[in-house]
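S.K.: Below, each chain spelled out in residue letters.
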Amino acid sequence: MKRKAAATGTMALCVSALLLLASAATASAQDDAPPEPEGYWQGAMNGRVPATISGGTVIVTKDLAELIATEKPVLVDVVPAPRRPPGQTTGWLPLPHHNIPGSVWIPGLGSGVISTEMKDYAHRKLEELTGHDNTKPIVVYCRDNCWASWNAAKRVIVQGYPRVYWYPDGIEAWQDAGLSTKVVTPEGPGVE
Amino acid sequence: MKRLMIASTLLALTCVTAYAGDENADRDARWRDVATSIFGERAIEDGSSMLKLTAPDSAMNAALVPISVELTGDRPVVAVSVVIDNNPSPLVGTFHLGPAFARQPLKMRVRIDEFTLVHAVAEAGDGKLYAVSRYVKAAGGCSAPDAVASTDALARMGKMQLRRERGLDASLVPAQLLISHPNYNGMQQDPKSGQYTPARYLEKVSVTVGGVKAFDLESGISMSEDPSISFTYHAKDGAAVEVKATDSSSATFSHHFDALQ
Chain L
4 MKRKAAATGT
14 MALCVSALLL
24 LASAATASAQ
34 DDAPPEPEGY
44 WQGAMNGRVP
54 ATISGGTVIV
64 TKDLAELIAT
74 EKPVLVDVVP
84 APRRPPGQTT
94 GWLPLPHHNI
104 PGSVWIPGLG
114 SGVISTEMKD
124 YAHRKLEELT
134 GHDNTKPIVV
144 YCRDNCWASW
154 NAAKRVIVQG
164 YPRVYWYPDG
174 IEAWQDAGLS
184 TKVVTPEGPG
194 VE
Chain A
7 MKRLMIASTL
17 LALTCVTAYA
27 GDENADRDAR
37 WRDVATSIFG
47 ERAIEDGSSM
57 LKLTAPDSAM
67 NAALVPISVE
77 LTGDRPVVAV
87 SVVIDNNPSP
97 LVGTFHLGPA
107 FARQPLKMRV
117 RIDEFTLVHA
127 VAEAGDGKLY
137 AVSRYVKAAG
147 GCSAPDAVAS
157 TDALARMGKM
167 QLRRERGLDA
177 SLVPAQLLIS
187 HPNYNGMQQD
197 PKSGQYTPAR
207 YLEKVSVTVG
217 GVKAFDLESG
227 ISMSEDPSIS
237 FTYHAKDGAA
247 VEVKATDSSS
257 ATFSHHFDAL
267 Q
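Chains as they are written, first to last, in this note's numbering: chain L, 4 to 195; chain A, 7 to 267.
Hints were generated in silico from the structure; no laboratory data involved. Treat the hints with caution; some may be incorrect.
As the list claims (entries may be wrong) - Calculated cross-link-like contacts (lysine-lysine; reagent style BS3-like; alpha-carbon spacing at most 25 angstroms):
(1) A:Lys58 with A:Lys143
(2) A:Lys113 with A:Lys58
(3) L:Lys185 with A:Lys58
(4) A:Lys165 with A:Lys143
(5) L:Lys65 with A:Lys219
(6) L:Lys185 with L:Lys75
Produce the entire structure from the sequences given, and follow the hints as far as they go.
M.R.: Spelled out as structure tokens, the structure:
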């Protein structure tokens, strides 16, 4: 218990130091980013992502931490969920999924193509989470170098939300900055 | 700004040391769970005197991460397993080694779903287990669509190549076995339809040289598509290499490679 209390103070200091470093490193890493595709990305979900998203705002860890502290945005995590193959024999032990506390985890929302069911679900869910206030900020993320969050953020922009934030560095950058995470279960039609 | 950067770098470095303790505890706990699910309650000792594991620190293509395991020292080893701790199905595979397997690097390509420890585990001749690990920063390998269009992948499923090198010592042959197989893990979506491609993956691969076992591999969905296994075998005059493979749909594939002349 004592250790935990001492750790929290150091933690805050560490977070600011790491965030400062992270923000300095981001600018140069985007030089060779691919351009935004027309429509939704249909290729492999993991790989280099664009530096921009038209109609939305790209944010880094520091911005996100500030946004959460000041405006309590809706947080949407679209990391694909593991699916166990039937009859699979070499063992199955999915790691509990950690994300940014307060996030809703909707696997499958970032796929190249989504079902009507998924489209309707996301529509209803966002209305519910924003309390029908479409000026509320919405943050979309998945993993580092993951197109799913780009696609999903674009879907939310297309749906008509004016304040959509895309956090491309994803849960890995959040964890690397020493920020806290929480174990969640997935929801939506993408869940088996 | 520069001074600030240096200060924050120093502070950040201090933090990494301070927090490494908790992070390592999490990784250790996960490894214990994973190890128990694969090896039961058997004790696993430090394997640094028996095994060398090589893996990249980070990989852009998380669906094809190269891993190499080399047996060092001279204790007999009967099996080698490769484990990706944080994958939903952590065990890549277990190679049951035979007399035709030479103690040279054993290489394969694996899928990595999120930043993880990778373990190589050796089972010694006396049944004891020894492990070494490395941390790899790669993510998204399990849901990555296959690189080859599925119609092509099915058409060439089961085709094999065995690339062999002629070394100075004719009795030791370094070889790379390539098996065309999409190794669908059930988590990949068809980019056009959005449908999940049903799982279908190699479960067993056996390699013999002149009738002598090199290895029997039991593998799963953490092995990359188009499995590539590099190993070295003890050759005998005129001895052919036989490869037999079975997938999860019970399809069998076999290939006979003539001896190197």
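S.K.: Keeping to a limit of 25 angstroms between CA atoms, is the pair of Lys165 of chain A and Lys143 of chain A held or broken?
M.R.: 32 angstroms, violated
S.K.: Starting from Lys58 of chain A, check that the Cα of Lys143 of chain A is at most 25 angstroms away, please.
M.R.: 19 angstroms, holds
S.K.: Starting from Lys185 of chain L, check that the Cα of Lys58 of chain A is at most 25 angstroms away, please.
M.R.: Measuring from Cα to Cα gives roughly 35 angstroms; hence the hint is violated.
S.K.: Checking one constraint from the list: CA of Lys113 of chain A to CA of Lys58 of chain A, max 25 angstroms. Satisfied?
M.R.: 12 angstroms, holds
S.K.: Holds or violated: Lys65 of chain L with Lys219 of chain A, Cα cutoff 25 angstroms?
M.R.: The hint is violated at about 56 angstroms.
S.K.: CA of Lys185 of chain L to CA of Lys75 of chain L, is that 25 angstroms or under?
M.R.: 16 angstroms, holds
When each numbered hint is compared with the structure, violations occur for hints 3, 4, 5.
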